[in-house]
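Model the placement of chain B on the given structure of chain A, informed by the hints.
The chain contents come next:
Protein chains: 2
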Amino acid sequence: MGNFLTKFFHAELITVGDELLKGSTLNTNAKFLGQKLTDLGFRFHAHVSCPDQVEVIKSKLGEALERSDLIILSGGLGPTPDDVTRDAVADYFSSPLVFSKSQYARIESLYRRYGKRIPSIVRKEAMFPRQSHPLINRFGIALGFSIVFKHRLIVVLPGVPQELEKMYSEQVQALIVKHFHGLRKRYSLIVKTVGLSEPDVMSRLKKDFFDVPFDFGIYPQPGEVALRLYADQRSIIRRLKEKIQKRLGKDVYAFEETSLSEVIGRILVQKKKTLGVAESCTGGMLAQEITRVSGASRYFKGGIVAYSNALKHQFLGVPQEILKKFGAVSEKTAAFMAQGSKGMMEVDYAISITGIAGPDGGTRKKPAGRVYLALATPRQLKIWEKDFWGDRIQVQTKSVKKALECLWREIK
Amino acid sequence: MGNFLTKFFHAELITVGDELLKGSTLNTNAKFLGQKLTDLGFRFHAHVSCPDQVEVIKSKLGEALERSDLIILSGGLGPTPDDVTRDAVADYFSSPLVFSKSQYARIESLYRRYGKRIPSIVRKEAMFPRQSHPLINRFGIALGFSIVFKHRLIVVLPGVPQELEKMYSEQVQALIVKHFHGLRKRYSLIVKTVGLSEPDVMSRLKKDFFDVPFDFGIYPQPGEVALRLYADQRSIIRRLKEKIQKRLGKDVYAFEETSLSEVIGRILVQKKKTLGVAESCTGGMLAQEITRVSGASRYFKGGIVAYSNALKHQFLGVPQEILKKFGAVSEKTAAFMAQGSKGMMEVDYAISITGIAGPDGGTRKKPAGRVYLALATPRQLKIWEKDFWGDRIQVQTKSVKKALECLWREIK
Chain A
1 MGNFLTKFFH
11 AELITVGDEL
21 LKGSTLNTNA
31 KFLGQKLTDL
41 GFRFHAHVSC
51 PDQVEVIKSK
61 LGEALERSDL
71 IILSGGLGPT
81 PDDVTRDAVA
91 DYFSSPLVFS
101 KSQYARIESL
111 YRRYGKRIPS
121 IVRKEAMFPR
131 QSHPLINRFG
141 IALGFSIVFK
151 HRLIVVLPGV
161 PQELEKMYSE
171 QVQALIVKHF
181 HGLRKRYSLI
191 VKTVGLSEPD
201 VMSRLKKDFF
211 DVPFDFGIYP
221 QPGEVALRLY
231 ADQRSIIRRL
241 KEKIQKRLGK
251 DVYAFEETSL
261 SEVIGRILVQ
271 KKKTLGVAES
281 CTGGMLAQEI
291 TRVSGASRYF
301 KGGIVAYSNA
311 LKHQFLGVPQ
321 EILKKFGAVS
331 EKTAAFMAQG
341 SKGMMEVDYA
351 ISITGIAGPD
361 GGTRKKPAGR
371 VYLALATPRQ
381 LKIWEKDFWG
391 DRIQVQTKSV
401 KKALECLWRE
411 IK
Chain B
1 MGNFLTKFFH
11 AELITVGDEL
21 LKGSTLNTNA
31 KFLGQKLTDL
41 GFRFHAHVSC
51 PDQVEVIKSK
61 LGEALERSDL
71 IILSGGLGPT
81 PDDVTRDAVA
91 DYFSSPLVFS
101 KSQYARIESL
111 YRRYGKRIPS
121 IVRKEAMFPR
131 QSHPLINRFG
141 IALGFSIVFK
151 HRLIVVLPGV
161 PQELEKMYSE
171 QVQALIVKHF
181 HGLRKRYSLI
191 VKTVGLSEPD
201 VMSRLKKDFF
211 DVPFDFGIYP
221 QPGEVALRLY
231 ADQRSIIRRL
241 KEKIQKRLGK
251 DVYAFEETSL
261 SEVIGRILVQ
271 KKKTLGVAES
281 CTGGMLAQEI
291 TRVSGASRYF
301 KGGIVAYSNA
311 LKHQFLGVPQ
321 EILKKFGAVS
331 EKTAAFMAQG
341 SKGMMEVDYA
351 ISITGIAGPD
361 GGTRKKPAGR
371 VYLALATPRQ
381 LKIWEKDFWG
391 DRIQVQTKSV
401 KKALECLWRE
411 IK
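Line by line, the protein sequences are chains A and B.
Quick note: the first sequence, position 47, residue 47 per our numbering, numbers continuous.
Quick note: the second sequence, position 385, residue 385 per our numbering, numbers continuous.
Isolated chain A, as found in the complex (with noise of 0.2 Å):
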């Protein structure tokens, strides 16, 4: 459990709310702070999701009571009915609600912006308890508190996660740090690695990596791997970081929390060199996880996503013998597709992605999931022939996080 020096302090989330049992929203609040809260150096017994009702709430809370230091309900601070979170906690700790008057008056110029008149339910939503410190909403209608009671910091957040982030952001975390006195915080280490698969990255790992002391967690998507290290000491941390760019070094784009298209932005920025693409199966996507990032009319002339032949023929130039003989799904149709785009937008660097998205399409020759990526460079033109497995929007994904891996490869 560490030495004399270290404290461990527990966190609870209660996320209120019937949608969330329903399975008709997704917990993303649940992420969120799941994810700062670990950052701080809380640990944790368990979330809990409960439905909008007052006595399943304060029966939660007082469980959260006798096993955490920390405990934070979002949700169902709401004006309907079925909001009941501010009530319940209200009642658990026998705390008449009082009115905020700054909280409501920024709930008026709201509606007056958007030249409405305030409902009269509204009004509770400016509510809070009276032995709690209100927390200000400056970006939706519900206003936030937190208790202090035996030690234990209680804070109760709206549950529209734009609000709950920002007010985290914003009020919470201060609070939560101020609070909680020899907070030790856990040293972290993100790890972003393309090219890669889960088993890959562990046998490269190897054994002798897991000898010390921290937490690992590794975090597959399509194409990437993903990697979030805690310790509890900085060296700890630093030696792992040196044993990772020794091990996996060529293939991690970033010790940071960024996108593989913002990493490759900052090196066209800084090249000075511009970029197109020309894709297929992939419809847009390609385009769109570049253009994601800010300011990327930098570096980024636009893309031709050419679902038709004709359009890969006009647009492109790509011959019409070559797409007659060899098929849109080819070498040399992913070569003239580079080419073309590379000519045409006078870019220095083109990509291009052809293939079978599938379900539908597949050929025993060339199956769902085949796809040729091409990239033309100042000096040379690249190809790959690759076959991803998956359903459609899994192999539109690896395609287009394989064809930001080739460009990436080559301008880093």
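Hint data in this document are derived by calculation from the structure and do not stem from the laboratory.
Don't take every hint at face value.
For identical chains, the list gives no copy identity; a pair is met inside one copy or between any two copies.
Stated by the list, open to error - Capping the alpha-carbon separation at 20 Å, the derived lysine to any residue pairs in SDA-like fashion look like this:
| # | residue 1 | residue 2 |
| --- | --- | --- |
| 1 | K58 | H45 |
| 2 | K325 | I118 |
| 3 | K366 | S297 |
| 4 | K36 | L26 |
Frame of chain A; chain B shown alone:
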């Protein structure tokens, strides 16, 4: 609580995994299972995410057995020392683990297919508690299993979402329906609307909509609002559907779980019409949304992602004077982009989007979020100016949704 014919069964989900508590992964299994079980008629006390610890898993299982009829545990069935769910459940029921030859044979052939040897640790993934009923995993390595205990059904599944979802659909649902006699299926109605905000929907439904007993969930997303209704009688659902058709009619694009792109696709196929797109700030998202649909090549010719002015001029024929005088983000440019792509791609319909996704690039005259959309039809050209609120991704998503909505309204 219903009449004497109605018996409510309760289900509870225990999603096991440190990564869920630490927020490293999204809990999609809870969403999937929650929705499936709600459709079957189950109610819920709570869902719990707990760590990979035998004692905690046993404790949560024990609590669940006191209040729920169906318990589904997922996660922690892998081969590593951290995967302890199998042991925890076997331990709880004092049942030794036995080996499944058929699952192991399956695992062997999987490894053989990829030319790899089976690591010895994988052997435990073919074990199951002797008093349980094994559930073969055709999509991965770990065997699942189910146990009947005092009329309750406990199902244990691997945590990998694709494996869990497929095993559920192929085996588990039938098992549940068979075990719970009198499971009162709930009648459900899904309503997909576009172009309305959540307050719009609520005010159009009007108060008397809620006079009958039913469960109601409203799920806003950028540019769309979905409704999920559950009732115990088919007649109630039927009447609600009629009211919805009357009050929301022209904004409802489907009464099933589908996407606007799919609905548009079906109409275009039926009317034998073709489509092309030209986009700028949405960077490929519009083309990608359209091509998500399998078989989109029947009507979708392709798209131009004209991220730079040069490409708007070169590929879409937007005159330089227009770009210089009115700017890339203008009604006129949107109009030329739509007409240009319609002409060049020789399609019946062409949509164009040009705007400022943000956060950078806005001015006082044209702030971030300002988007122009145009639709070129066989007969005319329609143009819209919109101001979308939100961050970059939200502006892009709303623009795409609005563009599809405009097309849908034109062709339906």
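Hints, verified against the model:
With identical chains, the CA atoms of K58 and H45 are at most 20 Å apart both within one copy (18 Å) and between copies (13 Å). In the homo-oligomer, the alpha carbons of K325 and I118 never lie at most 20 Å apart, since the shortest distance is 67 Å inside one protomer and 43 Å across protomers. For the identical chains of this complex, K366 and S297 are inter-copy neighbours only, at 18 Å across copies versus 36 Å inside a copy, given an alpha-carbon limit of 20 Å. Taking the shortest alpha-carbon separations for K36 and L26, both the intra-copy value of 18 Å and the inter-copy value of 14 Å come in at or below 20 Å.
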